[in-house]
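Here my numbering is used: the sequence shown runs in plain steps of one and ends on residue 668.
Keep in mind the hints are simulated off the structure, nothing from the lab. Among the hints, erroneous ones may be present.
Here are the in silico distance ranges between beta carbons for each label pair [to be verified]: (1) ALA538 x PHE637: 41 to 47 Å; (2) LEU571 x GLU667: 30 to 36 Å; (3) ARG665 x VAL530: 24 to 30 Å.
Beta carbons: idealized from backbone N, C-alpha and C, even for Gly.
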Amino acid sequence: MSQTRRALHGVAELVLAGPQYRATGSIRLRITPGGFATTEEPRVMVVVDQLVAGERRVPLDGATCARLHPDAGAPAGLYSDGSGVASGETLSVDAAEALVIMAGFSDGDAALRLFAPGAEPVLWPEHFDLAITVDEVDYGISAGDSHLPEPYAYVGPHRPRRGEFWNAPFGATRPLRELAGVEGILEFLRRGRDET
């Protein structure tokens with residue numbers, strides 16, 4: 473799944489967040505049915521394995537970020553991490569793998585909204601994770617990374633915690649495949665809150 477995840481991360485960062493940042497000063501992205509989208513102008517979204525801008529739909533597989541958007545590029549000077557995808561790099565996106573990632577983000581978005589109704593989940597382009605912060609604790613969903621190469625839920629307190637629940641250097645994680653959808657994610661988030 474790493475090639476698909478990397479490609480989707482690159483599109484989120486270079487095609488959605490970068491142009492949005494240059495136009496509005498915001499890198500925040502949001503979850504939409506089947507994918508994710510900008511929160512400001514220009515209005516652009518990814519639906520599974522396609523880029524959608526107005527009536528235009530372009531398959532991501534085999535495309536480059538430069539071909540997908542004339543102003544493709546990361547938000548300059550904001551963070552040192554990122555996807556590592558170059559604007560001219562050919563993207564490899566498997567639709568079935570993209571569906572798994574999008575389902576994880578969709579379930580995570582629903583769980584986060586139930587967990588903290590007053591918080592607005594944000595899909596952050598630098599780490600390609602969906603998150604909220606409540607009382608100095610980050611709660612979220614990652615599409616996967618070097619820590620855990622598959623979609624997972626996490627709880628990341630700003631001050632380190634110790635104990636059986638805390639299984640990651642930054643807090644606690646659980647693969648989404650072990651959490652059984654929205655209710656399982658919500659239970660994990662609540663346990664994380666109770667453990668902090």
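Can you let me know if the beta-carbon spacing of ARG665 and VAL530 is within 24 to 30 Å? violated (41 Å)
That 30 to 36 Å hint for LEU571 and GLU667 (C-beta), does it hold up? Check passed, 32 Å falls within 30 to 36 Å.
Go ahead and decide if the range 41 to 47 Å is satisfied by the Cβ distance of ALA538 to PHE637. At 44 Å between Cβs, range holds.
Taken one by one, the earlier hints fail for this structure only at number 3.
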